[in-house]
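Colleague: Note that the sequence shown covers residues 1381 to 1749 in the working numbering.
Rather than coming from a laboratory, the hints here were simulated on the basis of the structure. Virtual Cβ for every residue (Gly too), placed ideally from N, Cα, C. Where hints are given, some of them may not hold.
Pairs of lysine-lysine, BS3-like flavour, derived with a Cα cap of 30 Å [to be verified]:
1. K1610 x K1500
2. K1682 x K1418
3. K1610 x K1682
4. K1682 x K1486
5. K1724 x K1418
6. K1486 x K1418
7. K1486 x K1500
8. K1610 x K1502
9. K1486 x K1502
For each label pair, taking beta carbons as the anchor points, the in silico distance ranges come out as [said to hold, decoys possible]:
10. E1690 x S1455: 27 to 35 Å
11. S1618 x S1482: 21 to 29 Å
12. S1482 x G1581: 23 to 31 Å
13. S1618 x E1747: 51 to 59 Å
14. Q1733 x V1456: 42 to 50 Å
15. T1410 x E1672: 41 to 49 Å
16. M1726 x R1555: 43 to 51 Å
17. G1581 x T1532: 39 to 47 Å
18. V1687 x E1744: 43 to 51 Å
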Amino acid sequence: MATVDGGDAAAERPDDLPMRVGLGQFMEPTEERLRFIKQLGVDDVLLNMYQYDDPDYEHMPDDERMPLEGDGEWSVENLVALRERIEDHGLRLNAIENFPTSFYDKVMLGRPGRDEQLAKLKNTIRNMGEAGIPIFGYHWAPAGVWRTGTETVRGGARVSAFDAEEADTSFTHGREYTEEEMWENYEYFLREVLPVAENAGIKLCLHPSDPPMETLGGVPQLARNFENFKRAMELVPSDNHGLEFCLGCWSEMGEDLNEVIRHFGGRDELFYVHFRDVEGTIPSFRETFLGEGNFDEYGVLKLLDEVGFEGMMIPDHTPKLEGDSDWEHRGRAYTVGYLNGMLKAMRAEQGEQVEQVMLAEQVEQSERT
1381 MATVDGGDAA AERPDDLPMR VGLGQFMEPT EERLRFIKQL GVDDVLLNMY
1431 QYDDPDYEHM PDDERMPLEG DGEWSVENLV ALRERIEDHG LRLNAIENFP
1481 TSFYDKVMLG RPGRDEQLAK LKNTIRNMGE AGIPIFGYHW APAGVWRTGT
1531 ETVRGGARVS AFDAEEADTS FTHGREYTEE EMWENYEYFL REVLPVAENA
1581 GIKLCLHPSD PPMETLGGVP QLARNFENFK RAMELVPSDN HGLEFCLGCW
1631 SEMGEDLNEV IRHFGGRDEL FYVHFRDVEG TIPSFRETFL GEGNFDEYGV
1681 LKLLDEVGFE GMMIPDHTPK LEGDSDWEHR GRAYTVGYLN GMLKAMRAEQ
1731 GEQVEQVMLA EQVEQSERT
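I would like the entire structure built from these sequences, with the hints used as guidance.
Modeller: Rendered as structure tokens:
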């Protein structure tokens, strides 16, 4: 692997590494952004290839830009070039998440042309394996991510918010779809792509619907609760299928995070984590700073460690701070520091506990003698 001008050694491959902080949620791996990521002490990168219909959506880059060209699929050559661009800065391309919706909208909705789209998706999965990019995150929400506005939080920072009473109730895809047909389409997709992923050595992971409402735009949101996620993992069992564990979405659901983490973590189905939180639950919530939302972040971190999670955690949507960029680089830097601080505290706490156990054993042994 190459190094950069500053002498940064290339990062190791992501196999058998401990739980760690990464950065993602962008499509453009620019020189400036990759240097910034390395300056934060981060080694893992996740690229987001989703194209939103609304180019002004605050938490994603302009959908006119996309570093991977292709008519419904991505080539080995382009994927390798993307990975090498990351590695040239001493970073790892740990995962790519989200095909553009136009790559598989017919698959999700069961429309004519889905098999042609599926053939291209399979090619992309094979190409990712050949290019050495190990994880692909996807969603099953044809209507995309919904927000109804922005609100002000601590110090004037801006965050996105959702209120179901203000949401558009018109059909986004021409008609109302049933829960049954969406499950049928999803199972068809899994039966087609999971064998390909297994052969290619690629892990596929499902992101929750955001917001996790029962339906949006006339389309049922399958990935909206604990029971549906269990069903999704059981439909076509595979060691290569798991969760893109977005804590913010699970917080929006109001589910018991401890139960969820123990269930999926115990089955080794948590592949990587989006670390964010919200205030409130559906039908109304707003995003916020870590430490000011619904759940105990430090408790969640310790539980992830307890169940053996060894993947990457990335800051997800972050508050937009004063002077921030479209990517919220200041908000993400704050969150990286917050997460690394918790990790360091947890490891120190674990070290103290080990020392206490060793001391107790020494005392017990001396008393016996």
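Colleague: Each of the hints needs a verdict: does it hold here or not?
Modeller: Evaluated hints:
Of the pairs offered as hints, the one joining K1610 and K1500 holds, with about 28 Å between alpha carbons and a cut-off of 30 Å not exceeded. Simply put, K1682 and K1418 have alpha-carbon atoms about 26 Å apart, close enough for the 30 Å limit, and the pair holds. Under the criterion of a C-alpha separation no larger than 30 Å, the hint pairing K1610 with K1682 is consistent with the structure, at around 23 Å. Using a Cα cut-off of 30 Å, the hinted pair K1682 and K1486 is violated, with the two alpha carbons roughly 41 Å apart.
For a cut-off of 30 Å, the pair hint linking K1724 to K1418 stands: about 19 Å separates their Cα positions. Among the hinted pairs, K1486 with K1418 is inconsistent with the structure: their alpha-carbon atoms are about 39 Å apart, more than 30 Å. A threshold of 30 Å between alpha carbons decides the hint, and for K1486 with K1500 the separation of about 12 Å falls inside it, so the pair holds. Proposed proximity of K1610 and K1502 is supported: the alpha carbons are some 24 Å apart, at most 30 Å.
As the CA atoms of K1486 and K1502 are separated by approximately 15 Å, the hinted pair is consistent with the 30 Å bound. Range check, E1690 to S1455: Cβ separation about 31 Å, and the 27 to 35 Å hint holds. For S1618 paired with S1482, a C-beta distance near 26 Å keeps the hint of 21 to 29 Å intact. Remark: the range hint 23 to 31 Å for S1482 to G1581 is upheld by a beta-carbon distance near 27 Å.
Checked against the given bound of 51 to 59 Å, the beta carbons of S1618 and E1747, roughly 52 Å apart, stay inside it. A hinted range of 42 to 50 Å for the beta carbons of Q1733 and V1456 is consistent with their spacing of about 47 Å. Checked against the hint of 41 to 49 Å, the pair T1410 and E1672 fails, with Cβ atoms roughly 31 Å apart. M1726 and R1555 have their C-beta atoms about 49 Å apart, which keeps the hinted 43 to 51 Å range intact.
For the hinted restraint 39 to 47 Å between G1581 and T1532, the CB-CB distance of approximately 46 Å keeps it satisfied. In this structure the supplied range 43 to 51 Å is violated for V1687 paired with E1744, their Cβ-Cβ distance being about 30 Å.
The structure does not agree with the numbered hints 4, 6, 15, 18 stated previously, though it agrees with the rest.
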